[in-house]
Structure formats: C-alpha cells, structure tokens
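Please construct the entire structure, taking both the sequences and the accompanying hints into account.
Protein chains: 2
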Amino acid sequence: MDILLKNVHLIAEPDNNTIIQTNIVIEDKIISEISPTAQISAPEYVIEGKAHVVLPPPINSHTHLPMTLLRGYSDNKELMSWLQEDIWPQEGKFDRKWMTLGTKLACLEMIKSGTGGAADFYFHESVIGEVIKKVGMRGWLGAGILPSAFVDQGGLEFQMQEFHKTLKLSNESSLLNTAIAPHSQITVPEDILIQTADLAEQYKVPIMIHASETRSEVMNSEDKYQVPPVERLEQIGFFKENAKQIIAHCTWITQREVEILGKYNATIGWCPVSSQKLAYGGVTPIPELRSIGANVALGTDGTASNNTLDLWREMREAVNVISASRWDPALYSAENVLEDTCWTFRRNFHPESLLKVGNCADLVILNFNSPHLQPIHNTISNIVYAANGSDVHSLIVNGTPLMIDREVLTMDEDKTLDEIKSKVPELIQS
Amino acid sequence: MDILLKNVHLIAEPDNNTIIQTNIVIEDKIISEISPTAQISAPEYVIEGKAHVVLPPPINSHTHLPMTLLRGYSDNKELMSWLQEDIWPQEGKFDRKWMTLGTKLACLEMIKSGTGGAADFYFHESVIGEVIKKVGMRGWLGAGILPSAFVDQGGLEFQMQEFHKTLKLSNESSLLNTAIAPHSQITVPEDILIQTADLAEQYKVPIMIHASETRSEVMNSEDKYQVPPVERLEQIGFFKENAKQIIAHCTWITQREVEILGKYNATIGWCPVSSQKLAYGGVTPIPELRSIGANVALGTDGTASNNTLDLWREMREAVNVISASRWDPALYSAENVLEDTCWTFRRNFHPESLLKVGNCADLVILNFNSPHLQPIHNTISNIVYAANGSDVHSLIVNGTPLMIDREVLTMDEDKTLDEIKSKVPELIQS
Chain A
99 MDILLKNVHL IAEPDNNTII QTNIVIEDKI ISEISPTAQI SAPEYVIEGK AHVVLPPPIN
159 SHTHLPMTLL RGYSDNKELM SWLQEDIWPQ EGKFDRKWMT LGTKLACLEM IKSGTGGAAD
219 FYFHESVIGE VIKKVGMRGW LGAGILPSAF VDQGGLEFQM QEFHKTLKLS NESSLLNTAI
279 APHSQITVPE DILIQTADLA EQYKVPIMIH ASETRSEVMN SEDKYQVPPV ERLEQIGFFK
339 ENAKQIIAHC TWITQREVEI LGKYNATIGW CPVSSQKLAY GGVTPIPELR SIGANVALGT
399 DGTASNNTLD LWREMREAVN VISASRWDPA LYSAENVLED TCWTFRRNFH PESLLKVGNC
459 ADLVILNFNS PHLQPIHNTI SNIVYAANGS DVHSLIVNGT PLMIDREVLT MDEDKTLDEI
519 KSKVPELIQS
Chain B
99 MDILLKNVHL IAEPDNNTII QTNIVIEDKI ISEISPTAQI SAPEYVIEGK AHVVLPPPIN
159 SHTHLPMTLL RGYSDNKELM SWLQEDIWPQ EGKFDRKWMT LGTKLACLEM IKSGTGGAAD
219 FYFHESVIGE VIKKVGMRGW LGAGILPSAF VDQGGLEFQM QEFHKTLKLS NESSLLNTAI
279 APHSQITVPE DILIQTADLA EQYKVPIMIH ASETRSEVMN SEDKYQVPPV ERLEQIGFFK
339 ENAKQIIAHC TWITQREVEI LGKYNATIGW CPVSSQKLAY GGVTPIPELR SIGANVALGT
399 DGTASNNTLD LWREMREAVN VISASRWDPA LYSAENVLED TCWTFRRNFH PESLLKVGNC
459 ADLVILNFNS PHLQPIHNTI SNIVYAANGS DVHSLIVNGT PLMIDREVLT MDEDKTLDEI
519 KSKVPELIQS
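Chains as they are written, first to last, in this note's numbering: chain A, 99 to 528; chain B, 99 to 528.
These are calculated hints, taken from the structure and not from any lab test.
Among the clues, some could well be false.
Put simply, identical chains are the same to the list, so a pair is met inside one copy or across any two.
[Claimed, not checked] Straight line, CA to CA, 20 Å or less: simulated EDC-like cross-link-like pairs of lysine to aspartate or glutamate:
| hint | residue 1 | residue 2 |
| --- | --- | --- |
| 1 | K148 | E517 |
| 2 | K175 | D113 |
| 3 | K361 | E299 |
| 4 | K175 | D426 |
| 5 | K175 | E433 |
| 6 | K519 | E146 |
| 7 | K104 | E125 |
| 8 | K148 | D512 |
| 9 | K148 | D516 |
| 10 | K148 | E511 |
| 11 | K322 | D289 |
| 12 | K232 | E517 |
| 13 | K454 | D113 |
| 14 | K195 | D516 |
Model, not experiment: these values are computed from the prediction.
Structure follows, in structure tokens:
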C-alpha cells in the first residue's frame with residue numbers, strides 16, 4: 099500500500115529546530131522518501147497537510163488494557179479499599195471473553211487518540227496480544243506473574259504457559275514482542291522474582307515490574323528487607339545484562355535508586371496522572387533519572403486510575419506535576435516530555451520504526467486547524483500544552499493506515515461501542 | 099427559536115442521583131418543559147440524544163481572553179522573566195484591533211469546548227465585551243485597573259472610562275455584566291484599591307482581584323504590611339456587603355484568610371493548571387474553602403499559562419492536584435469539581451440561567467458515543483476524568499444555539515482561524 103503525505107510539518111527529532119515542511123512517501127510499509135518534492139504515482143491515500151503535524155506515534159509504556167471495562171467504576175477511594183472492595187472483585191471475573199472485549203475498546207481508544215502501541219501488563223496476555231495484532235498496533239506483551247493472585251487469574255503454571263504463548267505469538271508477528279511481568283517485589287516471592295529474571299535473560303525479552311509505587315510498598319520493603327524496592331531488586335540479581343527492564347512508577351525512590359536505574363539503563367514506565375489520582379503523594383524524580391541515563395517513557399496506567407489512554411493529555415500533566423512539585427518551570431520542558439512520549443520507548447525497544455527513510459512506516463498526524471491549536475508560535479508547546487487525543491487526524495503503523503481523517507479502518511468502531519454498551523452491564527451484575 | 103432535545107441524559111444537580119433521561123423543550127429562549135413526553139411542533143432544531151448528556155455550560159471564573167494570541171509564545175520560564183522578557187512586551191502592543199482578534203479566537207475556542215461564558219479580567223474590556231455579546235456568550239467584564247501599568251494600557255483615567263463603557267454595555271445587553279478589576283493589592287496603590295471597592299459598592303457590581311498567587315506576592319505583602327494579601331484586603335475595607343468578590347488564585351493562603359473569604363462569601367477564581375505550569379508550588383486549600391462557605395469556581399487563567407480554555411480538561415487536573423498534594427483521594431470528588439465548574443459561578447452570579455423550567459435556556463450537550471467515554475458506570479466520573487472539550491456536541495446560551503453538532507453558528511470558524519494564521523505573525527514582528 100502506497101501513501102503520500104503532502105506539505106506536512108514533520109518533527110524529525112523532539113525539538114523545535116528540526117521541524118521541516120515536506121512530503122513523505124510510504125511504499126510497501128517503508129518510508130521511502132522524505133523531501134519537499136517527493137511524489138509517487140497512484141497512492142492509495144493522499145493526506146494534504148497544510149495544518150498537519152507528523153511525528154512518531156507514542157507508545158504507552160505502562161498500561162493494563164482490559165481495564166477499560168472498569169473506567170469510572172470506582173474513583174476517589176484510598177488505594178487498598180479501591181482495589182479490595184471494587185477493582186479486584188470485578189477483575190476476578192475477567193475471562194478470555196472479557197479480556198478480548200476490554201482490549202478491543204482499549205485499541206479503539208488508542209487508535210482514535212493516535213497511540214501506535216502499548217507495553218501492556220496483565221493476565222491472559224496472549225488474548226490481549228491476539229487483539230493488538232488483529233487491529234495492527236504494536237504490543238509489548240507483559241505476561242503477568244503473581245502466583246498467589248489476589249484476583250483469581252490462574253496460578254504460576256497457567257501464568258508461565260501464558261508467557262510461552264506470548265513468545266509464540268511474537269515469533270509469528272513483527273508487531274508483537276514478549277515480556278515477562280512479575281507484579282512487584284513485595285507481592286511475588288523471591289525465588290520466583292529470580293526465576294523470571296533468568297527467563298528474561300534466557301529469552302532476551304524485557305522484564306516488567308511495578309516498583310516503589312506507593313509509600314506503603316516502600317515501608318513494607320524497608321521493614322522486611324531493610325532496603326527500598328529498587329535497591330532490593332538489585333541485591334537479589336533482578337537486573338540482568340541481556341534483559342531490558344521496564345520499571346513502572348518509581349514514585350518514591352531515593353537518589354541511590356536513581357543511580358541503580360541509571361546504571362542498568364532501565365526504562366521507567368512513568369504514569370503521573372494515575373499516581374496523582376490515587377493520591378500516592380510522591381513524584382518520580384524525572385530530571386534526575388533523565389540526567390543519569392535512565393530512559394523515561396510516559397504511560398497512562400490502566401483506565402480505572404487515569405481514566406483515559408490519551409498520552410497527549412498525559413504530557414501536559416506530566417510537565418506540570420514536575421514544575422509544581424519542584425517550584426521550577428524550567429526543570430522539565432515541553433521538548434523533554436515530547437521526547438519521553440514519542441521517542442524514548444521506540445529508541446530503546448524498536449528503533450527500526452523511528453520516523454526515518456528506510457524505516458518501518460509508523461506515523462501519527464495531528465490536525466492543527468482548531469482554535470485551541472492556533473496561533474502556532476511553537477508547535478511543540480501546542481502539542482504538549484493544548485492538544486488532546488481528539489486532535490489526531492490519522493495513524494499509520496507498520497505502513498498500514500489504522501485511521502485516516504478520524505475514520506478507523508482496522509476495527510468496526512460502531513460495533514465495538516455497541517458491544518461495550520450492551521455487554522458490560524452483564525459483567526458488573528454477574 | 100424552538101428547540102427539542104429528545105431522550106437526553108440530564109444532570110439536574112451535580113450528583114449522580116439526579117440524572118434523568120428526558121426530553122427538553124426550549125421556546126422563546128426559555129426552558130418551557132422537562133419531561134420524557136415533552137414535545138413541540140415544528141422545532142427549528144431537534145437533537146436526538148441517545149448517548150448525549152446535558153448540563154449547565156461551565157462559566158470560566160477567571161481568564162484573560164485576548165491572551166489566546168500568545169498561546170505557546172513562551173513556556174517553562176520563571177514567572178518574572180516570563181512576564182518581563184516575553185509576555186508584557188507583546189501585551190503592550192495589544193490595541194483595540196488585537197484585543198478584538200484575540201477575543202474572537204477565545205470565543206471560538208470556548209464555543210467549541212462548550213463554555214457558556216467567562217469572567218474576564220483585562221484592559222480594553224469594553225472591546226472584549228462587544229465581541230462576547232456579538233457571538234452570544236455571557237460575559238462578566240472585569241475592567242482592569244493598574245494605574246502604573248507595566249504594560250502600556252492607559253493610565254487610571256482611561257481605565258475608569260473603560261469601566262463606565264462596560265457599565266453602559268451591560269445595561270444594553272442581558273448577556274453582559276460589569277465588574278471592576280484592580281490588578282492586585284501589591285501592584286495597585288491603597289487609595290485606588292479603596293476607590294475601586296467603593297465603586298463596586300456604588301454600582302452593585304462584582305469586584306475582581308488577583309490575590310496570593312505567588313510566594314513572592316505573599317512575602318512582599320508580609321514585608322510591607324505585616325499581613326498576607328487577603329488579610330490586608332480585609333483590613334483596608336476592600337470587602338463590601340453589596341459588592342460580590344471574585345478573588346483569583348489564593349494559591350498561598352492561611353487558615354485565617356480562608357475564614358475571611360468564607361465570612362464574605364467570596365468567590366474563588368481557582369486556576370489549578372496555570373498555577374502548576376507557572377510552578378507556584380502552593381495549592382489553594384479547596385476543601386477548607388468549600389466547607390467554610392466560600393464559593394469555589396473553576397477557571398483557566400489566560401491561554402499563555404494553561405494553554406487552553408478547556409474547562410473539561412481543567413476538572414481532572416483540579417481533582418488530581420488536590421488528591422496528590424493532600425495524600426487523600428476522597429477529599430475533593432468528581433461531583434465536587436463538577437459543581438465548582440458548572441454550577442457554583444452561575445448560582446452566585448446568574449441563577450436565572452440554571453437549568454430549570456422557566457429559566458433562560460443555557461445548556462451544553464456532551465456526546466458520549468466515543469471510546470474514551472465508554473462504558474458508562476458513572477456519568478460524572480466520565481465527564482471529569484475522561485471528557486475533553488472536543489466531546490462537546492452542542493452549546494445553547496440564552497436560548498440561542500451557538501454550536502449544533504460541532505458546527506459553530508454565531509461565528510465564521512474558518513474565517514477566524516484564517517485571520518489568526520495570517521495576522522498574528524505581524525503582531526510578533528511589529
């Protein structure tokens with residue numbers, strides 16, 4: 099399929115100095131030319147881009163896709179009563195059917211808000227992978243490991259089988275990648291933490307974990323092990339040379355832990371909106387993590403605690419929480435957060451789809467022809483502080499258009515919404 | 099003009115217990131009937147509302163509309179260098195022509211994001227009022243008073259003339275209301291503060307002021323007057339019985355000042371996104387202000403420090419900043435912030451347009467037929483945590499449709515955007 103983008107404003111790198119007005123040609127899934135005169139005969143799609151801005155689509159660095167089913171089901175509660183009274187009893191009912199439906203809604207929401215893929219972390223991860231593949235997005239499938247699951251989502255054996263299923267899926271599709279995802283260092287026994295780290299090294303797949311999300315998690319770790327969570331993970335040999343790490347949250351970490359994360363070049367799955375909504379209090383030390391060489395990548399967390407998958411909205415809130423908590427508006431800029439949303443994850447986990455000639459064609463197109471995106475003194479400022487997911491015009495992943503001019507092409511939008519409206523009440527009442 | 103809304107979900111009061119599915123009839127600018135069987139013959143507009151939610155349109159409690167011209171012009175700078183190096187030099191060029199253009203863009207943005215009106219605070223306020231009236235929105239025109247203006251926007255005499263012009267305008271239009279707006283207690287001399295308070299009392303119009311916005315303002319006030327800003331305002335007799343107060347920000351106030359604001363039933367023009375972006379550090383003590391009887395009303399501040407006029411987005415950020423800073427997700431709920439956005443200002447300044455039979459017809463209609471607004475476990479949660487301005491379907495103010503199905507009816511959207519694109523570069527280069 100050949101696609102021509104005409105006269106678009108391309109953000110080639112996440113700074114204002116590299117914005118160029120150009121044509122872009124996509125041939126056979128590859129970006130074949132970027133130049134003001136680039137043309138192609140008889141393209142299937144032509145996007146006329148007078149007020150259109152093109153950049154690499156964000157990858158959501160940490161989420162739980164099927165939780166779309168619980169958007170708005172419970173809010174404004176303290177974490178443990180929120181989980182124990184409301185979330186876990188519902189999640190316990192999530193079988194393959196519900197996982198599929200929740201992931202379909204999540205993929206529809208991500209396509210409509212211009213997200214190119216997600217690093218997911220859940221149970222039944224192979225089911226989630228099947229949906230992601232079908233709609234044409236990129237997925238990093240974190241097979242959840244939590245043997246004494248507080249939600250009834252299988253024991254260790256079932257969860258290991260799921261990991262192997264995701265490995266098989268990712269061997270079959272260039273869109274999918276496997277990861278192994280022990281829940282946290284406080285909820286998973288030490289021998290299994292070590293076993294998952296060994297598996298990640300053996301299969302050369304990333305390992306995902308939640309760490310230092312809440313104050314009580316840090317207190318628990320210090321009580322039991324005399325060190326905070328990230329430090330303990332290093333002590334037990336969780337960080338391996340051949341297995342990249344995606345560490346979610348890191349809301350409450352010490353400078354010593356910042357240095358550990360920098361040393362291993364870990365990726366931080368930072369979810370500032372969820373942390374604020376759940377009232378964790380802490381703020382991930384983003385400037386320190388960035389300057390020491392850790393990879394900060396923006397995520398939304400699940401929609402029960404955000405409550406959207408909209409990474410454009412997340413960007414403004416990410417900058418503002420750093421500015422406000424540190425009393426310094428210059429510590430973390432619009433250009434920084436754009437890099438951490440649209441570049442960092444991809445650079446580390448899929449550089450072959452960075453927006454360059456010869457690479458797989460992954461592009462998101464924003465329509466700036468809206469009052470809230472005018473005038474344009476600074477394109478990146480308008481993206482970070484004013485755009486939201488509804489400003490996405492088109493999304494192309496791996497050369498395939500998933501949405502053109504807000505029409506979703508790889509899913510039936512109306513049918514999916516109808517299914518959600520008719521079936522979700524059953525889930526809650528069951 | 100007669101309008102029929104069929105089968106909409108009406109939020110009659112800002113809580114989940116009062117959502118009803120109903121028809122609504124608007125005749126001759128008035129809500130004439132609310133009932134499931136309400137009908138009218140040959141209405142000019144019919145809105146079929148299967149997935150549509152209706153509530154009173156937000157009023158922006160504190161903004162500077164023409165600053166849309168400077169959206170994204172300067173970000174990530176410390177307040178005083180941001181103002182002195184970037185904002186004031188540009189604002190100094192704002193004559194009637196630029197005020198008109200900036201207000202047109204602001205009104206277009208507000209209509210598209212479903213805002214019914216604004217309490218504005220600027221210079222050349224009569225020019226701003228003319229635009230607001232022309233497009234059919236509601237305005238509270240705060241004529242700015244700052245005799246030694248750091249931007250060249252006339253001296254005291256010119257500013258007082260503007261106040262009298264806004265009085266004349268508001269006598270001629272039911273959409274407009276006057277206010278007098280001394281800049282702050284630290285920038286306006288004491289005799290003029292007292293003079294403006296007397297004028298507000300004499301004409302029975304609200305008085306607007308910025309107070310306790312930054313740490314340095316509080317420090318300055320304590321150095322000079324031995325008391326913080328709100329306390330000093332009380333001491334000099336600024337709060338009058340017959341003149342309602344709209345006090346913007348109150349970012350850094352003491353419990354004693356909370357009590358003063360409660361005693362006078364003051365309205366707080368709370369702008370949490372702007373406070374965060376400008377790194378003020380403090381968080382307005384919203385739960386305390388609400389429980390003591392002050393009126394908390396949400397605003398965006400100007401678009402140079404937000405950078406939108408989108409009050410739907412502002413709501414999520416408002417709740418989350420309270421939850422995060424107070425370590426308590428239950429202190430300020432989705433229902434609370436919805437009340438403070440769509441009810442509180444109107445109850446205090448224009449109860450005759452609250453959404454009730456017999457009242458002026460002001461309604462905003464949200465379209466929930468979007469993936470990020472499904473499923474609906476809790477309508478108010480979805481509005482606060484997931485909706486944004488682009489989800490607004492239609493806006494009716496004083497019985498006049500300003501936008502139906504996202505088509506703006508009282509302004510030429512394309513022409514306004516073209517004017518912005520072609521003219522704003524002149525402003526910056528001049």
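(request) Check each numbered hint from earlier against the structure, then list the numbers of those it violates in ascending order. (result) none
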